[in-house]
Amino acid sequence: MSLLDLMRSFADSSWSIGLHESRYGYPLVESIHVWALCLFFGLAVIFDLRLLGLTMKKVPVSDLARRLMPWTVAGFIVMVISGTLLFSAIPLRSYQNIFFRVKMVMLALAGVNVWIFHTKVYRRVEAWDRDSAPPIAARLAGAFSLVLWVCIIFSGRMIAYNWFDCDHQPQPEIINYLTSCVPSESEY
Amino acid sequence: MSLLNFFQFFEQSALGDTIRNSVWLFPFIEAFHLVGLGVTAGAVLVVDLRLLGFGLRDYPVSQVAKDAQPWLLGSLTLMFASGIPLLISEATKCYYSFAFWVKMTSLFLVLLFTFTIKRRVTMMDELEVISRGKMTAFVSLALWFGVAWGGRWIGFS
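In the order they appear, the protein sequences are chains A and B. The opening position of the first sequence corresponds to residue 1 in our numbering, with each subsequent residue numbered one higher. The opening position of the second sequence corresponds to residue 1 in our numbering, with each subsequent residue numbered one higher.
Source of the hints: derived by calculation from the structure; they are not laboratory data. Remember, predicted model here, so these are calculated numbers, not experimental data. Take the hints with a grain of salt, since some may be wrong.
Unchecked claim - Pulled from the structure, derived: some chain B residues nowhere near chain A, Cβ distances all over 12 Å:
1. F10
2. Q12
3. H33
4. D58
5. Y59
6. V64
7. Y96
8. D125
9. R132
Stated by the list, open to error - Just so you have them, the derived chain A footprint on chain B, three or more residues with Cβ under 8 Å:
10. 17-26
11. 42-56
What the hints assert, rightly or not - Sample of chain A residues facing chain B (criterion: CB under 10 Å; computed from the structure):
12. L39
13. L49
14. R67
15. I153
16. P172
The beta-carbon is built from N, C-alpha and C at its ideal position, and this holds for glycine as well.
Okay, chain A solo, but in the shape it has when bound:
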């Protein structure tokens, strides 16, 4: 069974249809996703801006990380849970949505950025903790994070407006290729 078949059968499940068509459930989950975004993205931006030396310059980076991290982690967990629920309500169309795919790639890159930051750059934080402008590696990590998260928000918002939808043919061949869309098999 291919991933596409899996999504197709998941889309036909009563859970998926029920959540998608619920009057308050779906909008509520979407609202929670945005509130969690405020908590996660908002505080992540403050931290990234600190890495760039653009705010809270007198606060040591490790202090900011220690004090804000629990909140960003909490926000991130709620985002992943609510995001998974949103996906489960519209699995097939999301799976074949170019913006969804772009968003997932960006998320993976943001994850790599965090991993590099924590295993390499942040390990030597004592050396530059109080610098108002941290070293170039830390500034780069902050800049990458900002750019990636802005792109994630952009592609995330576009998912709902997908004008490259598989059921709106004809689409450029490259789009159908990138979204695993086979126009003749489209169910819509």
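We have chain A already, so just place chain B on it with the hints.
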């Protein structure tokens, strides 16, 4: 001219037409609005959490507020610059939307509160802040919650 006429006038403007007739302009502007919301949330939360005794509690409230201020003002500018075109493109719908008016009322109140009472509280001496800080943070967060809730819910009506 009634308020409804006023809204309709804007909806029929060239800007309103352009946004409505494009498949990507509305979501594109919305994405800017969402980024603005996130940065505003960060600049507000870092201060409100501090007032509640969380977050950057080893630093004076006044310093945290001062550092966050330019980012609050900058992101609010982005919110207005993106929010107004969005409103213009669907002004009549907004006029009849309960969520829209909840949002506008909360927004008016929270801006008023932020730049008067909250501003004064965050500039107080540390001892005075402790007694009033929590209440200030609660009011601020509750009003911002109303703004975000109303905003998201405009799209569902």
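Hint check:
no., hint, in the structure
1, F10, "holds (22 Å)"
2, Q12, "holds (23 Å)"
3, H33, "violated (9 Å)"
4, D58, "violated (7 Å)"
5, Y59, "violated (6 Å)"
6, V64, "violated (7 Å)"
7, Y96, "holds (18 Å)"
8, D125, "holds (19 Å)"
9, R132, "holds (22 Å)"
10, 17-26, "holds (count 3)"
11, 42-56, "holds (count 9)"
12, L39, "holds (7 Å)"
13, L49, "holds (7 Å)"
14, R67, "holds (5 Å)"
15, I153, "holds (5 Å)"
16, P172, "violated (15 Å)"
Hints 3, 4, 5, 6, 16 from the list above are not met by this structure, while the remaining hints are.
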